[in-house]
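Novice: Residue-level listing of the chains:
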Amino acid sequence: MGFIRSICVGSLSVVSAVVLVPDGRGLASAAEVVHVYSHRHYGVDEQLNTLFTGKTGIEVKVVNAEADQLIERLQAEGESSPADVLITVDAGRMQRARKEGLLQPVMSEVLTRGTPAELQDADGYWYAYAIRARVLLVAADRVKAGEIRDYEDLARPEWRGRVLVRSSSSSYNQALMASMVSALGEKRALAWARGLAANLARPPQGGDRDQIKACAAGLADVCLANTYYYGLLLHSADPAERAAAGKMRLIFPNQGGRGTHVNVSAAGVTRHARNVANARAYLEFLVSPEAQKLLANGGQEFPALMDLTLNPTQEKWGAFKVDTATFRQMGEDQPKAVRLIDAAGWK
Amino acid sequence: MIRLLVRNVSKTHRRTSPPAVRDASFELEDGHLLALVGESGSGKTTLLRLIAGLESPDTGTISVDGQTLSAPGSVTPPEQRGIGLVFQHHALFPHLTVAQNITFGLRHLPRIERRRLVEPLLELVNLPGFGRRYPHELSGGERQRIALARALAPNPRVLLLDEPFSSLDARLRHAIRDETRAILKERGATAVLVTHDTGDALSIADRIVVLKDGCVQQCGAPAEIYHAPANAEVASLFGICNFLPLTSLPHPDGARIHCQIGPPRPQQDPGFGLWVRPEDLELVRPAAGTTLTGTVSRVSFHGAYLEVELLCSQPGLEPFPVIIHHANSLPVSPGETWSVAPRPRRRPPV
Amino acid sequence: MPPDGSDPVRRQRSRWRPALLAVWLPALVVLLPVLVVVWRGLQPAGEAWPQIVEARLGGHLWQSLVLAGSVTLLAMVFGVPAAWQVTMHEFPGRRLLEWALVLPLAMPGFVAAMAYVDGLESLIPLYVRVRTAFGLEAFLRVQQIAPWVFAIGVLAATLFPYVYLSCRAVFEREAAGTMEAARTLGAGPARVFLRVAVPMARPAIAAGGSLVAMEALNDYGVVTAFGLSPLTPGIFRVWTEGHPEAAMRLALMLTALMVLLVGLENWQRGRRRFAADPGDIPPARHRLGAAGAARAWMICAPPLVLGFLIPAWRMARWAWQARDRTDWRGLLDAAGNSLLLAAGASVLISLGAVTLVAARRLATGPSLAAAQRLGLLGYALPGAMVAVGIGTVVSTLAARPGFGFLALSVSATGLVAAYFVRFLAVSLQPVGAGFDRLSAGLHEAARTLGASPTRALVRIDLPLVWPAVLAGATLAFIDVFKELPMTLVLRPFDFQTLATETYRLTGESRIPEAAGPGLLMVAISLVGLIPLSHLIRRRLQ
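Chains as they are written, first to last, in the working numbering: chain A, 1 to 347; chain B, 1001 to 1350; chain C, 2001 to 2541.
Pulled out of the complex, with its shape left as it was, chain A reads as follows:
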């Protein structure tokens, strides 16, 4: 009897020890604090948060996870959620969060003016604060200027065995596919994805950086990557990575048409935020010139207002046309995009 009881007590205490540890950290309450649920986990984010705390005295507590999990958790937690701010790396997820009633509108002149009108929620539920463009990178020595201009070109037969792209499970590719669906319609988007998959020089593997490096090494001639990965390689501490990036040329696709597909890092205040003022201050801080400069240089992302003078590298890349037309549609087309990617055999 005693043995059984001791087993029960022992198990319970072990379980609770294991269970409560992660919890204890997130819920500790400080005097001034803002709780952030964020999909972003880059070095620059920590710098940003340190800077924010230094300026305002508000402590930033971050919980990292993928956007879908964060949304699910917000739903589960409901009113008891400790989160004040939600940050995702694509607008579609923000739209979903709004639709699920997880966000509250923030009216702030700093925010409405600090971000371009087309990259914020019309009712102020969320605001973009950094932009990443999904671009083509070509091997400078093997691809002539003008040989490839648009995303659509990637599916053309002459690029067979010359294209690299990461796995379709990446949300960046799913967002791009969603934008293709918005722009071309399902049928043509499917044909495009098929063509792209057929042109791959190797089955998708690794991240964007790996695609760039493989292209530089001669495995293929063109790859799809986010701009900041290219920027990070150009500024890498590793000379080999800098050399690889140096062999590539950046092309902003579809400049003659709808523009280059971009995605954003966006932030919004949660419905049940307890520290609304702090959350708002955090959002406003993210679009402040100081934070924007840090984002542009530390993370190589485009600043919200596309002020390219903040980062010499981006200044050199030059201004480009952003595809704002498909931007609002992307969130809704996402499930369709995933289905079409599967159907096209893009691994």
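Computed, partial: chain A to chain C, Cβ under 8 angstroms: (1) Gly161; (2) Ser169; (3) Pro203; (4) Pro204.
Because the hints were derived from the structure by calculation, they are not lab data.
Even for Gly, the Cβ is constructed at its ideal location relative to N, Cα and C.
Based on these hints, arrange chains B and C on the given structure of chain A.
Specialist: Using the frame of chain A, we list chains B and C on its own:
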């Protein structure tokens, strides 16, 4: 006064196998030593485990001092029965010292008292000063004695011993056997001993229960079992027993045959056949008045006697062997012709 | 101790009920995800299912089959001859090789994969040459095959010790007489190996091989690192895409594959039982000359080099190079989390195993044997299935008002439960064997001396099986410590373990930084592994 009462106990282990114990009943008086004897598989160990409460009976009851401890479906767990058990392989706890082994069953006593009890027990089993040793440092005989001391320590109402001498070599076992009886008698213990060795049973038990195929064959004092076995099985279990297809075996001196199977079975001619132990026979020169004569087919030396196998023939019967323990000085060798006669002997009091 | 006046019999009857339940509890926990997955998997899976069947299922299935098959085969090629050389021959360095060949077990596949992922990259000049020399089609073919070669190579090189250990045990046990007899009958060493040793070791090879195949089917980290998509990553992908029913159907298929595998192994073992004398004589090792020794090294060294030395060496170098960039606090946090999880889970697992096994001392009944068999089932359950099943249970519970604290995102409850289900068998085996070796007479002796079942268990049985419990706990600890896919899916947010940290950094191509946590994992696993290699061997028998 009756200490242990086993009444109509049956036990089947698996539904498919024959019952291990069948309707077994016997009783044991206070301070007596009872031996459960049978061949392996006869159910004696099962019966012991039933008494110990390690298994539950299908039918029947087991009670100690008038208190029912086992009945079908309700069994007082072993630790509450006050019954001690000495295991065949001693089952000393290898991680505990001898003293800790002995005091294991004395948890209800205060520590000091427990410690005080150890040395007398060790002296009882003639192993004074062994308290700090570990079981692996003991010899076989020493382990047996410690196991006995451990089982005796809590003063069990009944002490069970499961083949306690079987793991000892022949020379040791006689000594230990007698010693064990002495110890049990000194403590006034009521004990049940399981053994397949009839020698053990006859020499140390006050009473013997013979089991075969789970059934009690006979229950009685050693001499009774030996000299008046209830049936052929019991007879042959306790040593060689010759079956003579004769109505009588007269001796010139008019001596009687001692070993006889109890009440004759009805379908058999009551006058037909005699059961005789080899030491109740002797070889005599063939002469008038001897009815059984044969040729010596084998002679083997057993120290105190010669074991002689005589191939006897009777008119109208196949030749049959008769074994005689020949203890006088007459030389016997194979091929010779001898006659068989009952040996004049005084019967020990039953 | 004479019983007091009350009737002890009735008291005793009623007191077994809760104990019996407690005894069944571990088995029920193991059964739970299976039931959930079967039940939910049989429900309509929505429109996602036909689409998955059409677009992915075939690919997942054949990838799983090809992967498991080739990894097992290669692991046998690595393991069997190495075991033979090390047991039958005497050559310089043999003793070193004998235990070093176990080292790859401390190298989780996904950690080793990290060391080879960039190998794909450094081969690019070769691929480019293929393209210029043999044309585009040949190039594309090579590109298709290369990740397979790497994935199979890495998995086989890290998993072959299962085959190695089981074979070595057989060769050691049965070699002496049989082999020597074969040689006196005029068979050369090669013939003895092929005609006597391999057939004799077949059950052992099958046992080790089926473990390898299971691990290969369960693998997540290696295949995703090389861009393959067999069933396991497929299940997780469908699950995270929000189609639990479809994920469960896939999980059921994977489980069916596993069950088939176990059945195959049993069938093959059942057909022949080898009852050679357990040789007391150690095999007289045949001393090899210089050429023979060189050949033995050529046979034994490659799997060791591939499965341990190269990855360990590369990681050590990277970790050193990245020491300034390494997030030491994060690493420490992750290590703390890993240790805590593994310790907590292995304590629970040991308690469960002891409860299940000790139950046979406390009470009897056929249901207890069934409970123990159920507990052993966990090891044949794919991690993906356990994750999906437990994930569903915990989410359902957490959705009830007042139970939010259980939610997967917040607590490690689900994760610990999943570890429990998956690794209970790991500890149950040594603990069960420990109790089996222990004479039941000791327990009964204690009972007749007045000890209650519990006291007998605590004072007598447990102290005596303690080494086995400890060994089982250590095995479970290492397995939990190295576990990746369930941890990835079920861990709370913002909660990194060394495994997830390694995987995350590898996924972000930050390989030099990933080397730190990877190396730490290997080091901690090694500490536990070395004294335990003989136990793993026993588990294989």
